[in-house]
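*Asks:* Residue numbers (numbering that gives the first Met the number 0), protein chains in the order written: chain A, 0 to 148; chain B, 0 to 133.
Worth flagging that the hints you see were computed from the coordinates, not collected in a lab. Any given hint might turn out to be false.
[Stated by the list, open to error] Restricting the straight-line Cα-Cα distance to at most 25 Å, the calculated cross-link-like pairs of lysine-lysine (PhoX-like) are:
| # | chain 1 | residue 1 | chain 2 | residue 2 |
| --- | --- | --- | --- | --- |
| 1 | B | K118 | A | K133 |
| 2 | A | K8 | A | K118 |
| 3 | A | K105 | B | K131 |
[To be verified] A few chain A positions that, by computed beta-carbon distances, are all more than 10 Å from chain B:
| # | residue |
| --- | --- |
| 4 | I5 |
| 5 | M15 |
| 6 | R18 |
| 7 | S27 |
| 8 | Q39 |
| 9 | P52 |
| 10 | P53 |
| 11 | R57 |
| 12 | G66 |
| 13 | H76 |
| 14 | E78 |
| 15 | Q79 |
| 16 | Y94 |
| 17 | Y102 |
| 18 | Y103 |
| 19 | R143 |
Every residue, glycine too, gets a C-beta built ideally from N, C-alpha and C.
Each chain is listed here by its residues.
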Amino acid sequence: MYKNMIGRKSEKVKNMVERGHVRRFVESIGDPNPIYVDEQTGEKSRYGGNIAPPTFPRVFDYGRVEGLNLPKKGLIHGEQSYHYERPLLVGEEIYCYTEVEDYYEKSGSNGRMGFLAVKRYGEDTDGNVIFTEKMTTIITETVRRAMNV
Amino acid sequence: MKNITRLTTGEALDDITLPPVSRMDLIKYSGSSGDFNPIHTIDEEAEKAGLPGIIAHGMWTMGNLAKLFTPYYEEGFIQDYQIRFSGMVFLDDVLTLKAEVEEHTDAYLYFRVRTVNQKGKDVIKGKVVFSKYE
Numbered sequence: 000m001y002k003n004m005i006g007r008k009s010e011k012v013k014n015m016v017e018r019g020h021v022r023r024f025v026e027s028i029g030d031p032n033p034i035y036v037d038e039q040t041g042e043k044s045r046y047g048g049n050i051a052p053p054t055f056p057r058v059f060d061y062g063r064v065e066g067l068n069l070p071k072k073g074l075i076h077g078e079q080s081y082h083y084e085r086p087l088l089v090g091e092e093i094y095c096y097t098e099v100e101d102y103y104e105k106s107g108s109n110g111r112m113g114f115l116a117v118k119r120y121g122e123d124t125d126g127n128v129i130f131t132e133k134m135t136t137i138i139t140e141t142v143r144r145a146m147n148v
Numbered sequence: 000m001k002n003i004t005r006l007t008t009g010e011a012l013d014d015i016t017l018p019p020v021s022r023m024d025l026i027k028y029s030g031s032s033g034d035f036n037p038i039h040t041i042d043e044e045a046e047k048a049g050l051p052g053i054i055a056h057g058m059w060t061m062g063n064l065a066k067l068f069t070p071y072y073e074e075g076f077i078q079d080y081q082i083r084f085s086g087m088v089f090l091d092d093v094l095t096l097k098a099e100v101e102e103h104t105d106a107y108l109y110f111r112v113r114t115v116n117q118k119g120k121d122v123i124k125g126k127v128v129f130s131k132y133e
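Take these sequences, add in the hints, and give me the full structure.
*Replies:* Below is the structure:
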């Protein structure tokens with residue numbers, strides 16, 4: 000079921016790196032550094048403004064891939080990676096979309112598990128890619144059986 | 000604070016040990032990240048999923064680990080950040096964040112990074128490529 004999803008993409012969705020959201024996010028990971036939250040520090044920095052931390056794209060909306068339905072429960076987050084051209088700036092607009100990169104199955108001690116690899120993109124208003132994100136989700140055999148995939 | 004641009008292979012940034020993981024930490028992260036999977040906040044839901052108790056969001060732990068690099072934003076930025084989630088984090092776990100230099104070139108610092116629990120087990124591990132300015 001997931002195999003034929005490989006290569007499918009979502010529509011681009013406009014997101015905003017919101018100041019208040021960045022503040023709440025960095026507080027929740029215990030990293031309220033002035034470069035994220037203090038306007039003066041941001042202005043004096045080489046970025047000319049505040050930035051967002053590398054895992055902030057967790058909050059963005061990447062749109063929906065037509066036909067890709069994931070179970071709400073029973074998923075295991077296996078791997079996560081980010082690649083940046085530069086840090087995200089507070090206040091900027093980022094256009095995000097997602098692409099199903101790969102799906103494969105492997106047998107392990109817990110039965111036959113599915114591995115779904117998804118790549119996500121964040122572009123600036125000129126269409127330059129600012130970051131990409133890869134996420135591998137493990138779907139356990141129990142869940143796969145229940146879903147008939 | 001160490002001078003990041005002077006670090007050589009085998010040297011490390013200063014470790015950070017976090018306060019014991021609390022339910023409030025995970026409630027706050029659920030809210031700020033939008034990940035409301037109840038196995039991170041509600042005991043009964045975690046038990047129904049076959050877990051001994053609620054577990055931290057992997058992305059909460061990954062977010063925490065990156066703060067080792069935050070003080071160095073004028074010297075460079077995290078260009079690549081790659082993590083494998085290798086163990087679960089439970090309430091009251093005491094986590095220590097670590098980053099060790101693997102290689103230092105003209106343009107980049109390559110770090111091996113990991114978060115270790117109070118039993119000495121890696122809960123997440125991976126790599127950071129820190130791109131230096133100039």
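*Asks:* Taking 10 Å as the cut and beta carbons as the points, is Y94 (chain A) off the interface with chain B?
*Replies:* holds (18 Å)
*Asks:* Can we confirm that no CB of chain B comes within 10 Å of the CB of Q79 (chain A)?
*Replies:* violated (5 Å)
*Asks:* Going by Cβ atoms, does M15 (chain A) stay more than 10 Å from chain B at every point?
*Replies:* holds (14 Å)
*Asks:* Taking the shortest Cβ-to-Cβ distance between S27 (chain A) and chain B, state whether it exceeds 10 Å.
*Replies:* violated (4 Å)
*Asks:* Taking 25 Å as the top limit, are the C-alpha atoms of K105 (chain A) and K131 (chain B) close enough?
*Replies:* violated (39 Å)
*Asks:* Is the straight-line distance between the alpha-carbon of K8 (chain A) and that of K118 (chain A) 25 Å or less?
*Replies:* This hinted pair holds, its Cα atoms lying about 9 Å apart.
*Asks:* Quick one: work out the minimum CB distance from G66 (chain A) to chain B and report holds if it exceeds 10 Å, violated otherwise.
*Replies:* holds (23 Å)
*Asks:* H76 (chain A) clear of chain B by more than 10 Å, beta carbon to beta carbon?
*Replies:* violated (5 Å)
*Asks:* Against chain B, does Y103 (chain A) hold up as non-interface, every C-beta pair farther apart than 10 Å?
*Replies:* holds (17 Å)
*Asks:* Does I5 (chain A) clear chain B by more than 10 Å, comparing its Cβ with all Cβ atoms of that chain?
*Replies:* holds (22 Å)
*Asks:* Can we trust that R143 (chain A) is non-interface, i.e. its beta-carbon lies farther than 10 Å from all of chain B?
*Replies:* holds (16 Å)
*Asks:* Verify this label for me: P53 (chain A) is non-interface relative to chain B, using a Cβ-Cβ cutoff of 10 Å.
*Replies:* At about 5 Å from chain B, P53 (chain A) fails to clear the 10 Å cut-off, so the statement is violated.
Comparing the model with each numbered hint stated earlier shows that hints 1, 3, 7, 9, 10, 11, 13, 14, 15 do not hold.
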